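**Q** This is what each chain is made of:
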Amino acid sequence: MSVQSPISSVNDFVVRFANVNGSGSASANELFARAILRHGVPVSPRNIFPSNIQGLPTWYEVRVTEDGHLGARGGVDMMVAMNPQTWDKDVAGIEPGGYLFYDSTKPMPSSKFRADITVIGVPLTAITNSTYNDPRQRQLFKNIIYLGALCALLDMDPKLVEQLIGEQYKGKEKLLSSNVHALHLGRDWALQNLKCPIGLRVKKADKVGDRIFIEGNSAAALGAVYGGATVCAWYPITPSSSVAEAFTSHCKKYRHDPETGKAKYAIVQGEDELASIGIVIGASWNGARAFTATSGPGISLMTEFIGLSYFAEIPAVIMNIQRAGPSTGMPTRTQQCDVIACAYASHGDTKHVLLFPEDPAEAFEFAAHAFDLAERLQTTIFLMLDLDIGMNHRLCRPLKWDDARQYDRGKVMTAEMLEEGRDFGRYLDVDGDGIPYRTYPGTHPTKGSYFTRGTSRDRYARYSEEGAVYADNMQRLVRKFETAQDLVPRPLQANAAKPTKYGVIYFGSTSPAMDEAIGLLEARGHQLDRMRIRAFPFHSSVASFIADHDFVYVVEQNRDAQLRQLIVNENGIDPVRLVPILHYDGTPITARFIANSIGDHQDHLKVTPLRKAVS
Amino acid sequence: MTYIAKPKFHHPGLKKNELGYTHRDYEGKISTLCAGCGHDSITASIIEACYELSIEPHRVAKISGIGCSSKTPDYFLGNSHGFNSVHGRMPSVLTGANLANRDLIYLGVSGDGDSASIGFGQFAHSIRRGVNMTYIVENNGVYGLTKGQFSATADRGSKSKKGVTNTDNAIDLVAIALQLGATFVARSFSGDKTQLVPLIAAAIRHKGASFIDVISPCIAFNNHAGSTKSFDYVREHNDAVNRLDVLVGRDPISVDYAPGTVQVVEQHDGSRLALRKLDADYDPHDRLGAQTFLQKHAAKGQIVTGLLYVDPDAEDMHSHLETVETPLNTLDEEDLCPGSAVLDKINSSLR
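Going line by line, the protein sequences match chains P and F.
Residue numbering for the first sequence follows my numbering, beginning at 1 and increasing consecutively.
Residue numbering for the second sequence follows my numbering, beginning at 1 and increasing consecutively.
It is possible that part of the hints are untrue.
Unchecked claim - Under the rule of at most 20 Å between Cα atoms (straight-line distance), these lysine to any residue pairs were calculated in the SDA-like manner:
# : chain 1 : residue 1 : chain 2 : residue 2
1 : F       : Lys29     : P       : Ser464
2 : P       : Lys447    : F       : His23
3 : P       : Lys400    : F       : Asp335
4 : F       : Lys6      : P       : Lys400
5 : P       : Lys400    : F       : His23
To be verified - Here are some, though not all, of the chain F residues that point toward chain P, as calculated from beta-carbon distances under 7 Å:
#  : residue
6  : Leu19
7  : Arg59
8  : Gly82
9  : Ser92
10 : Val93
11 : Thr95
12 : Ala97
13 : Phe120
14 : Ala175
15 : Leu178
16 : Leu180
17 : Arg276
18 : Ala299
19 : Thr323
20 : Leu331
21 : Asn347
These are calculated hints, taken from the structure and not from any lab test.
Note that the coordinates shown come from a computational prediction; the quantities given were computed from them, not determined experimentally.
Even glycine gets a Cβ: it sits at the ideal position worked out from N, Cα and C.
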């Protein structure tokens with residue numbers, strides 16, 4: 001057996017909690033993450049949860065990272081093993097020299113441990129049972145007791161945890177004091193019985209700044225509130241349900257008429273995703289800002305309506321919180337797997353605008369922007385989040401709003417304009433940007449009404465099955481999509497310190513792992529220019545970025561290199577120039593994975609090409 | 001006939017309603033349906049009802065799904081916005097439109113394929129939610145636009161034009177609407193304009209989910225012997241429980257009725273429905289009784305028509321959601337955006 005010295009690290013380690021779903025561990029674990037933030041040390045937590053309410057294993061991982069690396073790191077330095085079901089796998093997953101924290105009330109055979117890790121036993125059940133009689137209290141306070149013990153082991157300031165508990169239970173004195181008591185029970189036991197602190201330590205720093213800690217789904221919902229959405233129709237589906245739930249709670253706070261108490265919004269839980277998007281389209285057709293939130297299977301069900309939105313030119317905002325494939329199980333894991341499904345959703349020739357926020361701050365901004373884009377472009381706008389951004393708390397810059405900002409309601413012909421005698425053709429391209437004027441129902445007694453159809457109408461919305469008329473309309477829709485290119489968020493480019501022939505394209509939740517990977521790759525001697533794509537249709541700078549490099553890696557979290565396919569298809573790029581880097585096992589992509597995959601590829605490129613060797 | 005553009009001129013002496021609109025102002029494009037189609041009679045009844053109610057045509061939104069019936073909104077109220085949406089999805093589109101602007105009148109036009117098959121779920125849920133609308137199903141028991149397949153409202157044992165016997169049980173949309181809590185439920189026959197026009201008018205004035213099932217024979221595919229949705233069959237089996245007059249505003253209650261035969265129902269908006277009872281046993285305020293009555297007569301092969309149920313104090317979806325009186329589509333930044341000061345507070349709470 002090799003002698004492995006325990007890992008020693010300050011403000012840079014990963015703690016993973018292995019729990020049983022429904023045991024009340026989530027709030028204690030989140031408290032742990034927030035407490036570290038209060039030390040001025042950034043954290044990046046992630047839920048790894050099953051498709052289950054009670055009983056199945058669930059994990060909560062906290063990456064403590066003074067350097068601010070918010071992507072998943074991979075590996076576990078300390079395992080808080082609270083779930084016997086997953087014990088063996090959890091113990092096996094600890095890095096050599098790592099730490100195992102467990103409930104030592106019942107003795108465990110030595111075969112259940114590893115020699116190359118530090119084992120820390122705290123008799124949690126014994127402490128809990130001797131203090132509490134109520135079974136539910138025992139369960140909940142056990143979580144706080146282990147939090148207290150961790151506080152001592154990791155050298156955390158208990159006052160900061162107390163302060164957080166105080167904020168959480170403000171006005172509920174009994175709960176407040178009992179939680180603080182449990183915290184000290186655990187902490188005191190550890191201080192008296194264990195060597196504290198261990199090699200992993202939290203030390204006060206000043207690296208959090210004014211950043212906020214929020215889930216992407218909540219931020220996107222807040223963006224919908226700020227963006228003026230009044231109608232939300234949705235159908236429950238993980239991992240998107242919390243968007244509608246957050247929209248509901250934000251609206252309850254900020255959207256009631258102070259005098260009458262009446263709601264300045266309407267939220268309908270539809271009978272399915274078809275009804276949800278139907279309601280959104282009906283509301284948008286009638287001039288309200290409306291959205292739905294869903295995930296892959298919901299998108300599949302909505303596709304007929306998405307086509308109608310495209311052809312009949314009706315605004316709609318769809319927030320797609322992406323997850324792995326169909327059915328149940330893996331769908332509680334993250335992926336970026338609906339890029340193609342959304343870009344080309346529906347029958348006939350269709351293309352849709354996609355927005356790719358990297359974090360909650362962008363989810364907020366893009367959500368609000370999506371309503372402007374939907375009304376400006378009179379079509380469906382997809383806000384493409386994923387489970388990793390949507391359902392995890394992420395440290396991000398504070399949300400900002402300019403009070404002078406006006407909503408862009410797009411080209412709407414009013415009763416006054418119609419009175420002036422303006423020529424109204426519902427599908428008439430008057431400005432050359434492919435975008436026609438629309439009227440809201442009920443605008444004018446004799447002017448501006450039209451009959452809305454999917455296809456089969458001319459520029460004045462008159463029924464026509466003429467081929468030339470159809471083709472004319474389809475060409476205009478292409479022009480409109482070209483217009484969209486300059487309205488959507490542009491890609492962001494960052495060049496390597498030294499000139500390089502290699503580039504990397506990435507998007508969405510891959511962002512923090514990519515940023516970190518760049519540093520790892522530089523350490524290996526690889527320089528890469530990078531471009532973060534933030535929307536489809538692609539801005540012209542995407543093609544020029546690719547043209548400027550010999551090879552461009554396209555990093556994404558799906559099997560089929562969907563973004564790469566879209567770039568190849570839309571920009572006519574030689575596929576050989578775009579090297580896919582794909583991560584799709586349902587876990588969030590890591591810097592290690594990216595750096596290893598790109599690094600290995602780059603190492604191979606250093607081999608002299610055969611034809612040069614023989615010539 | 002259908003390729004001829006409809007001439008705009010009309011007789012100068014054409015009667016005008018209270019708002020000064022003539023009958024012609026409620027018409028739409030020339031129908032492209034088959035000559036003699038029952039749906040065209042329903043279109044005429046809708047025009048008549050809107051004219052009589054003196055509705056401003058542009059304050060109506062006409063929404064439909066896909067099928068022969070769903071094409072008809074193009075043939076009436078030419079100055080209204082119309083939406084020929086997606087097969088079976090009229091109810092959700094209408095629900096959304098209604099959420100956006102509670103001040104318009106919503107007319108949902110659908111067929112039996114559209115509402116009893118592909119859109120059965122949406123039909124049910126829009127009724128459950130109490131969407132303030134007039135939901136008309138033009139029911140011919142057959143898929144006309146795809147040439148004669150049975151629909152889910154075709155009676156078991158009825159024969160298709162090709163001689164195939166339907167072995168599946170029929171869905172009675174009226175029975176379902178009653179069960180799901182529609183607050184105005186009626187059935188009529190496209191060939192009976194005197195019954196249908198006031199029913200449509202009353203449904204429009206009703207605040208809540210109004211549902212009218214109109215049996216509307218398909219002249220091309222379902223008007224033969226052996227069909228239970230043919231003109232002849234419906235005429236023979238029609239059992240009208242009442243006849244209706246809608247009295248709006250200043251109209252006095254007619255004194256033509258014999259005492260004791262008329263029941264006056266005052267609706268939420270002040271309009272009054274004068275019901276001439278044809279069946280002494282029928283009470284249109286008794287939801288349970290209506291369901292039983294319907295089942296008993298169906299078992300005897302009778303098609304019950306008339307105003308089958310009305311709750312004059314109905315509430316609608318907006319009452320349930322407690323939305324503001326102002327239409328949501330007119331709210332602006334000031335109404336909707338909490339502003340930067342609130343956002344700063346939200347930021348502080350997230351640290």
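**Q** Holds or violated: Ser92 (chain F) as interface residue toward chain P, Cβ cutoff 7 Å?
**A** holds, 3 Å
**Q** Verify the proposed pairing of Lys400 (chain P) with His23 (chain F), using a straight-line Cα cut of 20 Å.
**A** violated, 55 Å
**Q** Using the nearest Cβ pair, does Asn347 (chain F) come within less than 7 Å of chain P?
**A** holds, 4 Å
**Q** Under 7 Å is the threshold here; is the Cβ of Ala97 (chain F) close enough to any Cβ of chain P for the hint to stand?
**A** Cβ of Ala97 (chain F) sits 4 Å from chain P, so the hint holds.
**Q** Holds or violated: Lys29 (chain F) with Ser464 (chain P), Cα cutoff 20 Å?
**A** With Cα atoms ~13 Å apart, Lys29 (chain F) and Ser464 (chain P) stay inside 20 Å; holds.
**Q** Under the criterion of a CB-CB separation shorter than 7 Å, is Arg59 (chain F) in contact with chain P as hinted?
**A** holds, 5 Å
**Q** Lys400 (chain P) and Asp335 (chain F): Cα distance at most 20 Å?
**A** holds, 19 Å
**Q** Do the numbers back the hint for Thr323 (chain F), that is, is its least Cβ distance to chain P under 7 Å?
**A** holds, 5 Å
**Q** For the pair supplied as a hint, Lys447 (chain P) and His23 (chain F), confirm whether the alpha-carbon distance does not exceed 20 Å.
**A** OK: Lys447 (chain P) and His23 (chain F) at ~18 Å, within 20 Å.
**Q** Would the hint on Leu178 (chain F) be counted as holding, given a Cβ-Cβ threshold of 7 Å to chain P?
**A** violated, 19 Å
**Q** Holds or violated: is the Cβ of Thr95 (chain F) closer than 7 Å to a Cβ in chain P?
**A** Where the cut-off is 7 Å and the nearest Cβ of chain P is about 5 Å from Thr95 (chain F), the hint holds.
**Q** Given a cut of 7 Å on the nearest C-beta pair, is the interface hint for Ala299 (chain F) held or broken against chain P?
**A** violated, 31 Å
Violated hints, in rising order: 4, 5, 6, 13, 14, 15, 16, 17, 18; the structure is consistent with all others.
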